[in-house]
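Enquirer: Assemble the complex: chain A is given as a structure, and chain B must be docked to it using the hints.
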Amino acid sequence: MHDEIRQAAARRITEEAAQWLLANREGLDETSRAAFVEWLRHSPSHVGEYMAIVQWDQEMREAAGREPLDAAGLVALAGDEPAVVALHSRGEGVLRAPIARERAPARVVTGAMRGPGVARRWAGVAVAASVVLAAVAVWHRGDAPVEGIVYAAPVDGMRSLQLDDGSRIQLDRGSSIRVNLGATRRDIAVLGGTMLIDVGHDSSAPLNVTLGRTVLRDIGTVFQVSAKKDGGEVTVLSGRVDVLAPSEGWPWQPGTTRAPSVVARLQGGERATLASDGSLSHLAARTDLSQDLAWLPAEIDFHDAPVADVARRFNDYGQAPLLIEDASIAATRISGRFHARDPAGFVAYLQTLPGVQVHRDEAGVHIVRKSPATHTVRL
Amino acid sequence: MSDPAAGLAHVLLEQDGLLQRYIHRRAGHAWDAQDMVQETYLRLLSADPDSIRNPEAYLFTVATNLLRQRAGGRQAGGREDGGLDEVLDRLVTPCEAAAGVDHEVRSKRLHELMARLSPKCRAVLVLHYRDELSYRDIADQLDISVHMVKKYIVKGLAACRQGMGRYA
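Protein chains in written order, with my numbering: chain A, 1 to 379; chain B, 1 to 168.
Just chain A, same shape as in the assembly:
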């Protein structure tokens, strides 16, 4: 983890250097010039990385000259890339990524997924999902095909998803999951990397998350699952997750009705480490989840999104939960960009909305109407 944080810090400096490169090419005004000097003076790493990125810029120019496709070809190719990824149709304008009904090798679903409905619903996650592919596949294990949709985040960006059952998922760079939602069961397999899931409540079907040979059963919660070379980790932000005994068979076999035993019951703030054979190797309380969640985007960017949806995104960061306790506030559509790890700015913004009042207690930050609340929305 320490290494990952260091790499993330280095990547951040590279991106900052690249931003300053672009700003320099456009020309700096006096304020920007002073800010750039200040940034350089902050660390020798900044100086070195900026000088490197200037050189790198030239290398990129040379490499781009090797591109065989002309501009029209590139634009056409880019047009096939979904600006956003819609999973199942649930409302106007939201397109469906079909589930394969026949045995076929994995294929990539492409096609522009645009439209006012899509734009409105997905604008908030479009940045994170800007580089995405959705693969629809049928897996074979013996004679039993396993259906599901594979979602993968690209190596150069995270990906946000909203499933048809109301679950919100964040995938770290290079991570992939397989999702199979049914009327009687919901299954998600973490194929690689790290997933944070805020489990939705639009379905009463039980949700199982498989990590190697281990099955995790959600009891209404937000938790993170990381697949590692030698096992994996499960970190619970809120709610409860049951870690079930390792499964001998493929956990997605249709008709599976066995009731495996619970080997650990994780509460909010706890992390379990699993060995490659699925056994529980370590269980610890986490007083600070910030390192576990360091990979999440630093900013929450949303456009014309309901307050309730935005608050849920803040709540994925393991901070004191934002509780929107008035239906009309929850449904109010807003736009903006805030630091994800400092919800104070967002709360201050909410307070500027007419009739909104905020109070805090040990349960979280309550957002209420100045008049008595008539309805509570669970986030």
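Each hint should be verified, as a subset may be incorrect.
As the list claims (entries may be wrong) - If you want a taste of the chain B side facing chain A, the calculated C-beta under 7 Å gives, among others:
| hint | residue |
| --- | --- |
| 1 | Thr40 |
| 2 | Tyr41 |
| 3 | Ile52 |
| 4 | Glu56 |
| 5 | Ala57 |
| 6 | His111 |
| 7 | Met114 |
| 8 | Lys120 |
| 9 | Leu125 |
| 10 | Ala139 |
| 11 | Lys150 |
| 12 | Leu157 |
| 13 | Ala158 |
| 14 | Arg161 |
Hint data in this document are derived by calculation from the structure and do not stem from the laboratory.
Everything numeric in this text was worked out from a predicted model, so none of it was measured.
Note that CB positions come from ideal geometry on N, CA and C, so glycine has one too.
Expert: Showing chain B alone in chain A's frame:
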């Protein structure tokens, strides 16, 4: 160093000496890229910030002068720029194995990495670097905002820089 790809900052953080060793061996400089960065940084700190009208030019002028001084002290008739290009080359490939490959091969690899980026990111980079279109023109062609064009360039630059190290 588990991932040498994360740029110079990573090298500076790791202090693993790969860069220094490479430069010492190949270029024979008694002075390495990290020293150059440190010295440039110290000069920057000692300067009056308001007097630095063009910070980028300032960095490269200071670095060139420092390298020239070092080269002059080491041998008469040293290179005109004191080897700045070579040292900068090392900054860009902060990994011994990656630094060992020929420039042509490196450029091909970089192009391969660009081709593996998402289609939009790839298109933005090529339209920017090869076709030299303005941000506005790129935004119009791809039906995205100018802000997103810049974001793709930044992310693409960083991803390629990170990806190059994985060849090592």
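Enquirer: Confirm or reject each hint.
Expert: The hints, checked one at a time:
no. : hint   : result
1   : Thr40  : 6 Å, holds
2   : Tyr41  : 4 Å, holds
3   : Ile52  : 6 Å, holds
4   : Glu56  : 5 Å, holds
5   : Ala57  : 10 Å, violated
6   : His111 : 4 Å, holds
7   : Met114 : 6 Å, holds
8   : Lys120 : 4 Å, holds
9   : Leu125 : 6 Å, holds
10  : Ala139 : 12 Å, violated
11  : Lys150 : 6 Å, holds
12  : Leu157 : 4 Å, holds
13  : Ala158 : 4 Å, holds
14  : Arg161 : 6 Å, holds
Going through the hint list in order, the structure does not satisfy hints 5, 10.
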